[in-house]
Each structure stands twice: as C-alpha cells, then as structure tokens.
Amino acid sequence: MAGRTPQKTAPKSGPPIGLVYLAAWLVPGLGHLWLGRREKGVVFFVALCAMFAIGLALDGRLFPFVWSEPLVALAAVADVAAGLPYLLAWLAGAGVGTPAAVSYEYGNTFLITAGLLNALVVIDAHDVARGRK
Amino acid sequence: MVESHFFLMVLFSTLVGVVGGMLLKDTRKDQVRAAGVIVAWLVGAAVVAGWVLRVFPL
Numbered sequence: 001m002a003g004r005t006p007q008k009t010a011p012k013s014g015p016p017i018g019l020v021y022l023a024a025w026l027v028p029g030l031g032h033l034w035l036g037r038r039e040k041g042v043v044f045f046v047a048l049c050a051m052f053a054i055g056l057a058l059d060g061r062l063f064p065f066v067w068s069e070p071l072v073a074l075a076a077v078a079d080v081a082a083g084l085p086y087l088l089a090w091l092a093g094a095g096v097g098t099p100a101a102v103s104y105e106y107g108n109t110f111l112i113t114a115g116l117l118n119a120l121v122v123i124d125a126h127d128v129a130r131g132r133k
Numbered sequence: 001m002v003e004s005h006f007f008l009m010v011l012f013s014t015l016v017g018v019v020g021g022m023l024l025k026d027t028r029k030d031q032v033r034a035a036g037v038i039v040a041w042l043v044g045a046a047v048v049a050g051w052v053l054r055v056f057p058l
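If you're matching them up, the sequences are chains A and B in order.
Under the working numbering, the first residue of the first sequence is numbered 1, with each subsequent residue one higher.
Under the working numbering, the first residue of the second sequence is numbered 1, with each subsequent residue one higher.
Worth double-checking, as some hints may not be accurate.
If you want the ones that stay clear, here's a sample from chain A, every Cβ over 10 Å from chain B, calculated [unchecked claim]:
#: 1; residue: LYS40
#: 2; residue: VAL43
#: 3; residue: ALA94
#: 4; residue: LEU120
The calculated label-pair distances, taken between Cβ atoms and stated as ranges, are [stated by the list, open to error]:
#: 5; chain 1: A; residue 1: ALA100; chain 2: B; residue 2: TRP41; range: 28 to 36 Å
#: 6; chain 1: B; residue 1: SER4; chain 2: A; residue 2: ILE17; range: 37 to 45 Å
#: 7; chain 1: B; residue 1: GLY44; chain 2: A; residue 2: GLY14; range: 35 to 43 Å
#: 8; chain 1: B; residue 1: VAL55; chain 2: A; residue 2: ILE17; range: 45 to 53 Å
#: 9; chain 1: A; residue 1: ARG38; chain 2: B; residue 2: LEU24; range: 38 to 46 Å
Not everything, but these chain A residues come out facing chain B in the computed CB check (under 10 Å) [what the hints assert, rightly or not]:
#: 10; residue: PHE44
#: 11; residue: ALA50
#: 12; residue: THR109
#: 13; residue: THR113
#: 14; residue: ALA114
#: 15; residue: LEU117
#: 16; residue: ASN118
#: 17; residue: ILE123
#: 18; residue: HIS126
Note that these hints are calculated values from the structure, not bench results.
All values derive from a computational prediction rather than experimental measurement.
Cβ atoms here follow ideal geometry from the backbone N, Cα and C, with glycine treated the same way.
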C-alpha cells in the first residue's frame, strides 16, 4: 500500500524463541548476546550482576514465597527474575538479610530492581527476536 | 560496607540509568542522553522528596 511505512520483519531463521527467553532470564544479557546485540548484552550482564551482588553485599534479603503476605511474595517473584544470580545466591545460602543493618532496605531495593530490570531485558530480547527492534 | 545514603542512591540511579538507556535507545549518543535523564530524574526527585519530607514529616 502506498505511503505505508515499511515494517521490520522477523528473521526467517533464528534461535527458538523459547530458548531465547530462557537464556535471557537465566543469564542477564545472554539473550541479546545470542541475537547479535553484543554491546547491549555485555552492558546488561555487567550492570545487572553488579546490582544483584551489591544488593547482597548491602545485607539485602532474598524473599521467600509467602503467599499469605502478598508483598513478600511479589518481592520473591522479582528476586527470582534475576535468574542465575538468584539461583547461585540461593544455593550458596546468601541473601539471608540483616534487618538491623543500616543498608538492609537499600540491599532489598538493589536485589528487587535487578530482577525487575532483567524482566524488562527479557521482554526487549523478545522484541529483538521477533524483529520488532 | 558503604553507609552513605547519597552515594548508594547515586550508585543505584546510575545502574538503573545505564540499563534503562540501553533498553530505550539504539544509538550510543541517545543511550547516553537517556541514561543521563534517568539518573537526573531519580536523584533529583529523591532530593526534592527528602526536603519535602523534612518540612512535612510523615
């Protein structure tokens, strides 16, 4: 149709979208690296892993899934969204949290935000994989 | 560990700004500009909120 702006189309062959999701969630930035966005992938990896590590160093807590306390459960979902850093910290027994520490709330904020930003990165990887960006 | 509230706020804002800028824009110049705007808004809003809460404490 005349005057219609050309749309970016999805690449004909590429990695399976489900695997891109999984990779992007597990390792922050890996989805972008896989899709050829090397610079973005490296920046996401460094920034989000640093954010998660700083959150742990600031005595932040990895929240448990307590469904009777919705805000705690939501924080747990946000923590899990960080992917492999969360799993490694959980397996290592880190992220117990020290509520008496001055930086406890900062630590929680860093941890939760790292997970939420990784969720946005996964969505961005989806757009890249679909050829929308 | 660092206990400076302002330093931690700036560090947090910088990391969020870097990721946000990379997510929102595709060229280096636009990414830097977007990151700067995000950092400025986060830090500026926190400082303003801090002064407002000093005058009108909860």
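Tested hints:
no.: 1; hint: LYS40; verdict: violated (5 Å)
no.: 2; hint: VAL43; verdict: violated (5 Å)
no.: 3; hint: ALA94; verdict: holds (14 Å)
no.: 4; hint: LEU120; verdict: violated (6 Å)
no.: 5; hint: A:ALA100 x B:TRP41: 28 to 36 Å; verdict: holds (32 Å)
no.: 6; hint: B:SER4 x A:ILE17: 37 to 45 Å; verdict: holds (43 Å)
no.: 7; hint: B:GLY44 x A:GLY14: 35 to 43 Å; verdict: holds (41 Å)
no.: 8; hint: B:VAL55 x A:ILE17: 45 to 53 Å; verdict: holds (52 Å)
no.: 9; hint: A:ARG38 x B:LEU24: 38 to 46 Å; verdict: violated (18 Å)
no.: 10; hint: PHE44; verdict: holds (6 Å)
no.: 11; hint: ALA50; verdict: holds (7 Å)
no.: 12; hint: THR109; verdict: holds (7 Å)
no.: 13; hint: THR113; verdict: holds (7 Å)
no.: 14; hint: ALA114; verdict: holds (8 Å)
no.: 15; hint: LEU117; verdict: holds (5 Å)
no.: 16; hint: ASN118; verdict: holds (9 Å)
no.: 17; hint: ILE123; verdict: holds (9 Å)
no.: 18; hint: HIS126; verdict: violated (12 Å)
Taken one by one, the earlier hints fail for this structure at numbers 1, 2, 4, 9 and 18, listed in ascending order.
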